[in-house]
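*Asks:* Chains as they are written, first to last, in the UniProt record's numbering: chain A, 1 to 511; chain B, 1 to 511.
Misleading hints may appear alongside valid ones.
Since the list gives no way to pick out one identical chain from another, each pair is judged satisfied if it fits inside one copy or across any two copies.
[To be verified] Each computed EDC-like pair below joins lysine to aspartate or glutamate, with the alpha-carbon atoms no more than 20 Å apart:
1) K388 x E22
2) K408 x E453
3) K348 x E456
4) K214 x E185
5) K189 x D176
6) K16 x E243
7) K408 x D76
8) K223 x E401
9) K461 x E411
10) K39 x E21
11) K348 x D176
Read the hints as simulated data drawn from the structure, not as lab findings.
Listed below are the residues making up each chain.
2 protein chains.
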Amino acid sequence: MGSLHQFENKSVSPIKPLDSEEFRRQGHLIIDFIADYYKNSERYPVRSQVEPGYLRKQLPESAPYNPEPIETILKDVEEHIVPGITHWQSPNYFAYFPSSGSTAGFLGEMLCSGFNVVGFNWVSSPAATELENIVMDWLGEMLKLPKSFLFSGNGGGVIQGTTCEAILCTIAAARDQTLRKIGTENIGKLVVYGSDQTHSALQKAAHIAGINPKNFRAIKTSKSSSFCLSPDSLQETIGSDIEDGLIPLFLCATIGTTGITAVDPLQQLGDVAKRYGIWVHIDAAYAGSACICPEFRHFLDGIENADSFSFNAHKWFFTNLDCCCLWVKNPNALIQALSTNPEFLRNKASDSKEVVDYKDWQITLSRRFRALKLWLVLRSYGVVNLRKFLRSHVKMAKVFEELVGSDKRFEIVAPRYFSMVCFRVSPSVLFKTNKYENGKANNDVEKVEKSNEVTENLLQKINASGKAYMSHAIVGGMYVIRFAIGASLTEDHHVTAAWKVVQQHLDAILN
Amino acid sequence: MGSLHQFENKSVSPIKPLDSEEFRRQGHLIIDFIADYYKNSERYPVRSQVEPGYLRKQLPESAPYNPEPIETILKDVEEHIVPGITHWQSPNYFAYFPSSGSTAGFLGEMLCSGFNVVGFNWVSSPAATELENIVMDWLGEMLKLPKSFLFSGNGGGVIQGTTCEAILCTIAAARDQTLRKIGTENIGKLVVYGSDQTHSALQKAAHIAGINPKNFRAIKTSKSSSFCLSPDSLQETIGSDIEDGLIPLFLCATIGTTGITAVDPLQQLGDVAKRYGIWVHIDAAYAGSACICPEFRHFLDGIENADSFSFNAHKWFFTNLDCCCLWVKNPNALIQALSTNPEFLRNKASDSKEVVDYKDWQITLSRRFRALKLWLVLRSYGVVNLRKFLRSHVKMAKVFEELVGSDKRFEIVAPRYFSMVCFRVSPSVLFKTNKYENGKANNDVEKVEKSNEVTENLLQKINASGKAYMSHAIVGGMYVIRFAIGASLTEDHHVTAAWKVVQQHLDAILN
């Protein structure tokens with residue numbers, strides 16, 4: 001940090017918070033800074049190597065009294081912030097799910113932040129609402145969603161920040177719809193269903209919405225059914241809840257679970273849910289994007305039975321964080337749960353009911369003009385390139401899958417449907433190597449434990465190398481490495497290089 | 001829109017979503033576009049003049065199949081989006097509360113969006129968490145918050161999107177803290193308190209959190225006490241609830257209410273709340289900013305009694321949307337209500353408990369690196385300029401207040417504490433003018449109705465002129481015009497010009 005006093009003289013000249021020429025000068029500086037960052041993104045260790053508490057030692061204890069020039073601040077970003085960043089935009093980033101930024105997504109964010117409108121209702125900035133209506137219909141069509149999810153079919157889409165918000169809003173809508181029939185005093189009887197592979201967002205949202213924590217069901221899945229939620233298990237669980245006097249409320253089915261991208265059987269789950277009037281939400285946070293390609297669309301078959309559907313354009317759709325796209329068949333259910341009508345927001349357009357007021361479709365009142373970035377992404381790349389990008393990632397994943405398959409020391413753990421490969425060090429192979437063969441009877445439990453230990457060790461070494469970043473899951477007791485392709489800068493050679501890193505580190509461990 | 005086919009040829013050349021040189025080229029284009037927008041911001045009618053449905057007529061029905069160049073898209077932004085925007089950044093914007101963007105806030109957003117990290121926990125990008133810890137402590141110190149709200153005092157701050165989220169999180173924390181003592185089955189007995197001036201965010205958050213809608217109390221305020229929440233009324237309401245077997249849970253007190261910037265008496269309200277173990281949240285969404293100036297800090301006196309405090313840096317603190325700063329004394333209460341520990345996020349740093357994992361302090365898992373923009377704002381302007389900016393707005397508001405006071409046709413409706421002036425057309429004067437004098441007995445109700453009618457009519461004419469944009473509130477039955485200063489481009493002459501617009505339109509109405 002520059003001395004806090006060296007710029008004291010500057011503070012007497014009038015600084016304006018939004019002088020257009022100073023904005024221009026500094027804006028160009030930052031564009032170059034970020035462009036250079038992308039250009040050099042491979043130079044940095046992918047996962048940050050800092051230790052907890054590193055930053056407090058480097059920054060002053062208090063905010064500066066006097067202003068500091070942008071050049072000083074940028075130098076600090078370079079020296080103190082960049083080393084503390086895990087580089088989600090690195091081509092060698094394969095952890096969690098991607099956060100696929102793009103030029104168009106970034107520019108859309110700039111326009112959003114530049115106009116800086118607060119689009120809580122239509123009148124507060126009509127374009128913010130109307131463009132969102134339009135792009136959500138465009139995108140819904142690209143995904144071939146049933147017409148009933150589109151504005152043109154009396155449903156509608158809304159951009160939320162994240163899936164957590166989308167699920168919380170739909171649970172609140174379902175909850176209120178049911179409580180209107182059975183009375184608010186019965187909130188303690190409502191039950192929410194998912195599988196043990198469903199994202200933790202579901203449990204958290206149910207909890208926030210006041211669902212009794214005892215009434216959250218994470219139905220067990222198994223390797224034999226590829227970790228999908230079984231309709232029979234759902235039926236059974238519901239039956240038992242009803243016997244106990246509880247009331248089934250909400251089911252979240254997933255297309256591409258976080259752990260291993262399992263795909264729940266929408267059609268059959270929907271059939272079960274329908275019998276009990278359960279609200280069905282489909283969470284396709286990561287994999288939804290792929291469904292704009294005809295060859296992947298079948299994963300959404302059965303969506304007709306659902307009440308709501310969401311995917312995160314900020315994951316694998318080149319739209320910078322945050323942008324969760326949620327569609328509902330019955331916007332009124334959302335609105336009845338989430339609307340407020342304070343006097344200070346009353347206006348002719350809202351009173352006329354001719355417009356959408358998105359404040360009533362989400363948790364928050366204030367909202368950013370996120371539709372701009374989605375619009376820019378759709379237009380800058382067009383359907384043709386978006387499909388190309390997604391397919392290229394899937395192709396890379398196939399190549400990686402083949403590489404894993406060709407090395408007998410590894411095992412693919414679950415079917416690869418999209419751009420993520422889940423693998424582990426094979427238990428059977430481990431017990432053939434000298435290091436781990438020690439004459440004991442090798443029972444299955446022991447084998448799995450050994451595989452888990454070696455796989456975890458391997459992952460830690462890979463990530464500590466800084467050459468690639470991957471993450472893990474535990475499914476059916478197996479520790480697996482998740483290799484998720486989708487960073488916008490990743491090319492074929494990054495994937496093969498990452499595979500070499502995996503092999504080299506296993507070599508080192510086994511020898 | 002350009003023809004969807006004219007660029008078909010381009011689509012065969014390989015488009016990359018994040019090519020650094022293309023990013024640089026397009027980024028510079030957008031910087032100039034936005035800088036020009038600020039430069040010309042006075043040219044546009046402040047409130048958009050479009051009619052509902054205007055945009056669908058201008059955009060194609062589907063997303064383009066082929067890519068379109070940024071130049072075409074920017075032309076469409078200019079032609080189709082800008083007319084549909086209500087210009088919150090215009091110097092003539094005085095509606096709602098400000099959305100005070102700044103160069104530093106914008107640059108911070110760019111860096112956030114450029115790095116595009118997903119900082120759900122420490123390891124996912126240590127700098128994102130640690131910088132947030134630091135700036136929240138810096139800002140807490142600037143506001144002279146009790147040490148117990150800072151990390152350095154075992155409390156802590158977190159950046160949320162909006163006040164709605166901040167309140168929802170704190171209600172969930174309070175709810176769970178109480179339910180752990182009294183049992184989940186008693187959720188239907190919990191009561192949430194605010195005044196009839198409290199932001200609708202409170203009622204909505206309570207509702208989302210599963211608080212029985214019948215147990216939300218909007219305690220009546222009156223003109224005689226400047227629309228503050230009376231501690232006596234609170235005491236009385238609580239007493240009556242307890243008699244009915246209900247359990248007081250949560251109080252939201254406000255510094256600077258949305259309607260007329262009333263200031264609730266924190267000290268006495270806190271004393272009442274303490275007697276019943278009620279969680280006290282202080283919402284200073286707009287006015288909190290001012291409290292970094294020593295002369296305004298007294299508005300926070302009594303904050304020692306509170307459990308949580310929030311203000312929106314995106315309102316009147318030059319930090320682009322969205323950035324709500326929330327501090328709590330007991331982070332554990334938040335964490336117990338909001339934490340999830342899915343396996344895929346497990347890591348050494350989190351297990352060690354040495355780090356903050358902000359996913360457990362908020363509704364959502366994914367989170368943007370918002371601390372960057374707050375950091376840039378604090379450093380680019382320094383405490384000295386931030387105070388200067390805020391004081392200049394307050395000074396402008398004083399001038400406006402004097403102008404209103406000097407025209408006998410108007411009446412200031414509530415004390416002006418900050419940068420907002422609330423006024424209406426004076427009932428007594430109206431009945432002296434020819435147009436409205438019609439020989440009837442002018443009782444008080446009739447007078448108020450007439451004033452309301454003329455004031456509303458006046459506001460509509462002002463806003464339709466496009467020369468300035470103001471908004472309204474209804475308090476104690478009075479329709480009032482809210483004139484909120486805080487747009488970053490507003491200077492003295494814009495305020496005097498806006499006043500002339502007000503006068504001219506009243507002239508036209510009365511003659």
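*Asks:* State for each hint whether it applies.
*Replies:* Results of checking the hints against the structure:
In this homomeric assembly, K388 and E22 come within 20 Å of each other (Cα to Cα) only across copies, at 18 Å, whereas the closest approach inside a single copy is 40 Å. For a Cα distance limit of 20 Å, the shortest separation of K408 from E453 inside one copy, 18 Å, qualifies, whereas the shortest one across copies, 82 Å, does not. In this assembly of identical chains, the alpha carbons of K348 and E456 lie at most 20 Å apart only when taken from different copies (12 Å versus 60 Å within one copy). When the C-alpha separation of K214 and E185 is checked against a cutoff of 20 Å, the pair qualifies both within a copy, at 17 Å, and between copies, at 11 Å.
For the identical chains of this complex, K189 and D176 are neighbours both inside a copy (13 Å) and across copies (18 Å), given an alpha-carbon limit of 20 Å. Proximity of K16 to E243 under the C-alpha cut-off of 20 Å is found in neither arrangement, the shortest distances being 67 Å within a copy and 56 Å between copies. In this assembly of identical chains, K408 and D76 lie within 20 Å of each other by CA distance neither inside one copy nor across copies; the values are 47 Å within and 55 Å between. In this assembly of identical chains, the alpha carbons of K223 and E401 lie at most 20 Å apart only when taken from the same copy (19 Å versus 71 Å across copies).
Taking the shortest alpha-carbon separations for K461 and E411, only the intra-copy value of 19 Å comes in at or below 20 Å, while the best inter-copy value is 72 Å. Within a single copy, K39 and E21 get their C-alpha atoms only as close as 27 Å, which misses the 20 Å cut-off; across copies the closest is 8 Å, which meets it. Taking identical chains as interchangeable, the C-alpha atoms of K348 and D176 are never at most 20 Å apart, the minima being 28 Å within one chain and 41 Å between chains.
Hint compliance for this structure: hints 6, 7 and 11 are broken, all remaining hints hold.
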